[in-house]
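There are 2 protein chains.
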Amino acid sequence: MAVYTHVSAEALHEFLKAYDMDEVLAFKGIAEGVENSNYFLQTNKGRFILTLYEKRVAEKDVPFFLALTAHLCARGFPCPKPIADKSGRVQSVLEGRPAALIQFLEGVSIHKASPEHCAQVGNVLARLHLASQGFSLTRANTQGMSTWRGLLQVCEKKIDTYPHDVRDELHAAMDGIEQNWREDLPGGIIHADLFPDNILFRGGELKGVIDFYFACNDSLAYDIAICMNAWCFTPEWNFAPDNARALLGGYQQARALQKDEIDALPLLCRGAAIRFALTRLHDLIYHVDGSLVTPKDPMEYLVKLRFHDGIKDIKGYGLEP
Amino acid sequence: MAVYTHVSAEALHEFLKAYDMDEVLAFKGIAEGVENSNYFLQTNKGRFILTLYEKRVAEKDVPFFLALTAHLCARGFPCPKPIADKSGRVQSVLEGRPAALIQFLEGVSIHKASPEHCAQVGNVLARLHLASQGFSLTRANTQGMSTWRGLLQVCEKKIDTYPHDVRDELHAAMDGIEQNWREDLPGGIIHADLFPDNILFRGGELKGVIDFYFACNDSLAYDIAICMNAWCFTPEWNFAPDNARALLGGYQQARALQKDEIDALPLLCRGAAIRFALTRLHDLIYHVDGSLVTPKDPMEYLVKLRFHDGIKDIKGYGLEP
Numbered sequence: 000m001a002v003y004t005h006v007s008a009e010a011l012h013e014f015l016k017a018y019d020m021d022e023v024l025a026f027k028g029i030a031e032g033v034e035n036s037n038y039f040l041q042t043n044k045g046r047f048i049l050t051l052y053e054k055r056v057a058e059k060d061v062p063f064f065l066a067l068t069a070h071l072c073a074r075g076f077p078c079p080k081p082i083a084d085k086s087g088r089v090q091s092v093l094e095g096r097p098a099a100l101i102q103f104l105e106g107v108s109i110h111k112a113s114p115e116h117c118a119q120v121g122n123v124l125a126r127l128h129l130a131s132q133g134f135s136l137t138r139a140n141t142q143g144m145s146t147w148r149g150l151l152q153v154c155e156k157k158i159d160t161y162p163h164d165v166r167d168e169l170h171a172a173m174d175g176i177e178q179n180w181r182e183d184l185p186g187g188i189i190h191a192d193l194f195p196d197n198i199l200f201r202g203g204e205l206k207g208v209i210d211f212y213f214a215c216n217d218s219l220a221y222d223i224a225i226c227m228n229a230w231c232f233t234p235e236w237n238f239a240p241d242n243a244r245a246l247l248g249g250y251q252q253a254r255a256l257q258k259d260e261i262d263a264l265p266l267l268c269r270g271a272a273i274r275f276a277l278t279r280l281h282d283l284i285y286h287v288d289g290s291l292v293t294p295k296d297p298m299e300y301l302v303k304l305r306f307h308d309g310i311k312d313i314k315g316y317g318l319e320p
Numbered sequence: 000m001a002v003y004t005h006v007s008a009e010a011l012h013e014f015l016k017a018y019d020m021d022e023v024l025a026f027k028g029i030a031e032g033v034e035n036s037n038y039f040l041q042t043n044k045g046r047f048i049l050t051l052y053e054k055r056v057a058e059k060d061v062p063f064f065l066a067l068t069a070h071l072c073a074r075g076f077p078c079p080k081p082i083a084d085k086s087g088r089v090q091s092v093l094e095g096r097p098a099a100l101i102q103f104l105e106g107v108s109i110h111k112a113s114p115e116h117c118a119q120v121g122n123v124l125a126r127l128h129l130a131s132q133g134f135s136l137t138r139a140n141t142q143g144m145s146t147w148r149g150l151l152q153v154c155e156k157k158i159d160t161y162p163h164d165v166r167d168e169l170h171a172a173m174d175g176i177e178q179n180w181r182e183d184l185p186g187g188i189i190h191a192d193l194f195p196d197n198i199l200f201r202g203g204e205l206k207g208v209i210d211f212y213f214a215c216n217d218s219l220a221y222d223i224a225i226c227m228n229a230w231c232f233t234p235e236w237n238f239a240p241d242n243a244r245a246l247l248g249g250y251q252q253a254r255a256l257q258k259d260e261i262d263a264l265p266l267l268c269r270g271a272a273i274r275f276a277l278t279r280l281h282d283l284i285y286h287v288d289g290s291l292v293t294p295k296d297p298m299e300y301l302v303k304l305r306f307h308d309g310i311k312d313i314k315g316y317g318l319e320p
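Line by line, the protein sequences are chains C and Y. Letter by letter, the first sequence follows residues 0 to 320 in numbering that gives the first Met the number 0. Letter by letter, the second sequence follows residues 0 to 320 in numbering that gives the first Met the number 0.
There may be inaccurate statements among the hints.
The list treats identical chains as interchangeable, and a pair is accepted whether it falls inside one copy or across any two copies.
[As the list claims (entries may be wrong)] Below, a list of computed lysine-lysine pairs in the DSSO-like style, where the Cα atoms sit at most 27 Å apart:
#, residue 1, residue 2
1, Lys-156, Lys-85
2, Lys-295, Lys-258
3, Lys-16, Lys-206
4, Lys-44, Lys-258
5, Lys-54, Lys-295
6, Lys-206, Lys-44
7, Lys-311, Lys-54
8, Lys-111, Lys-16
9, Lys-111, Lys-44
No wet-lab data here; the hints were simulated from the structure.
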């Protein structure tokens with residue numbers, strides 16, 4: 000949750016002139032988005048999210064995020080459309096920060112995912128992978144596999160708050176992941192953070208995908224693995240095979256998986272689990288006092304990593320090969 | 000800015016049944032309100048603020064705040080109306096916290112106050128003082144004059160981060176305030192925190208007053224003094240006599256001030272200045288790392304205190320007696 004940069008009513012008024020908007024009906028900082036300052040804005044032209052990009056989002060990446068969502072919207076994909084100003088630009092500056100005005104999407108995040116939710120999540124993920132084909136910009140995965148060992152080593156310096164065998168366990172898991180990782184799977188743009196917080200539902204129907212600030216180029220099936228971890232476990236961290244079946248089924252309605260993608264899923268799920276275990280561990284250990292972001296529990300992803308360690312192939316998930 | 004308590008979509012759905020609302024179109028935590036968790040909520044019945052009362056708001060005070068704003072709304076005063084559920088209750092429970100659904104008011108806070116703004120602020124303050132007459136509940140001012148010396152002593156324990164003469168200056172100011180304080184001025188319900196953040200404007204027109212969580216019984220003219228400090232100084236902390244003239248003029252259009260209220264204004268302004276200097280100093284010194292509230296600069300109010308120290312009567316403000 001975050002509003003890092005305060006926007007004065009006067010600066011907002013100036014900013015909106017470029018969009019031919021002059022009447023502000025509502026303007027509230029919203030406690031959403033770890034990386035940016037976000038405001039709910041209602042004007043005479045409708046409802047919007049106003050985003051100011053903060054330090055954690057590299058300024059050079061802002062055009063990538065805005066162009067990607069514009070590309071997806073143009074192909075009918077349900078994500079927030081960047082609004083162009085009178086001169087056609089979607090990126091502006093406000094209070095000294097890169098800023099963008101973005102369409103407001105209705106809907107709310109759900110927290111207990113049902114198979115019906117998961118089928119839609121899988122389907123929208125496949126549609127994201129298809130709709131982003133032909134997108135001309137690329138962005139490396141700054142949280143990709145090659146970064147995890149280094150992250151583990153940074154965490155280790157203070158990892159004595161954890162039992163020693165956790166350290167050994169994480170290194171052993173990284174050994175297996177590095178030895179078996181597949182760089183040859185079908186690739187493209189992935190969302191890379193498609194957690195329940197980033198999907199809006201209305202009346203049980205998926206209305207939109209938000210928060211593309213981890214989107215990058217990587218293996219498409221790795222994005223599925225992230226979703227399996229995020230959507231296919233109960234709140235008690237037990238695997239929910241009905242959710243996984245629905246998620247993969249929904250995905251394959253839009254894009255058929257290749258055999259090597261299916262075979263790689265347990266490995267990719269281990270990778271996705273260790274990625275979030277490590278970034279959460281890092282955020283917990285190096286949490287800046289006074290930070291607006293509440294650290295999440297890395298144990299959740301350690302538990303998921305252990306579960307996937309016991310899975311040899313997709314039948315281990317209770318799924319058909 | 001704050002969302003202390005997370006509300007799940009499922010708990011929200013249950014909560015809204017009592018209000019005959021079943022469709023959630025938007026639900027966003029908002030970075031507003033130091034004392035509570037606030038959400039922007041849009042349902043099939045309209046737009047609302049959902050407030051969860053956190054520890055800093057004494058649970059026993061919640062009925063006072065809700066009844067006060069309901070009383071004011073019933074008298075046409077522009078403030079957010081608490082929404083009654085099907086059984087007529089305005090106070091409920093959500094995620095284990097006292098909670099209320101409150102009307103959403105359009106408008107935005109302004110940050111550079113003009114005399115035109117101040118005239119409306121003064122007028123709405125007088126209307127608040129009049130409309131709350133006959134309200135049956137009372138609440139002591141927990142930040143009233145009798146608490147300031149104790150607050151100063153608590154701050155003193157760590158006040159060596161400030162120059163020593165500031166300590167002497169604050170004690171001397173408190174001596175003068177205590178010796179001259181007036182308990183016999185016309186009293187009633189005061190807002191006690193009518194800063195620019197708590198007034199919504201639209202197109203230059205005052206649309207509403209929000210955040211009654213410091214409202215209490217005290218001298219009405221003390222509420223004017225709080226507003227003079229909050230609205231009648233430039234961003235560089237210089238006194239703005241045109242703003243003060245407009246504020247007092249706007250006030251007296253609705254409620255004429257007695258001579259003893261006018262005479263007491265410099266004293267009350269000193270009191271209001273030291274109150275906010277001390278609470279800001281306290282928040283800065285005892286700021287909990289990881290707190291979601293950014294401390295404000297106490298120096299601003301020390302500068303205002305010094306200004307008022309040089310004022311003998313209302314002519315010192317450049318105002319007509």
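Consistency of the hints with the structure:
no.: 1; hint: Lys-156 with Lys-85; in the structure: neither (52 Å within a copy, 57 Å between copies)
no.: 2; hint: Lys-295 with Lys-258; in the structure: neither (34 Å within a copy, 59 Å between copies)
no.: 3; hint: Lys-16 with Lys-206; in the structure: between (30 Å within a copy, 22 Å between copies)
no.: 4; hint: Lys-44 with Lys-258; in the structure: neither (49 Å within a copy, 49 Å between copies)
no.: 5; hint: Lys-54 with Lys-295; in the structure: both (21 Å within a copy, 23 Å between copies)
no.: 6; hint: Lys-206 with Lys-44; in the structure: both (21 Å within a copy, 20 Å between copies)
no.: 7; hint: Lys-311 with Lys-54; in the structure: neither (41 Å within a copy, 49 Å between copies)
no.: 8; hint: Lys-111 with Lys-16; in the structure: between (42 Å within a copy, 19 Å between copies)
no.: 9; hint: Lys-111 with Lys-44; in the structure: between (35 Å within a copy, 25 Å between copies)
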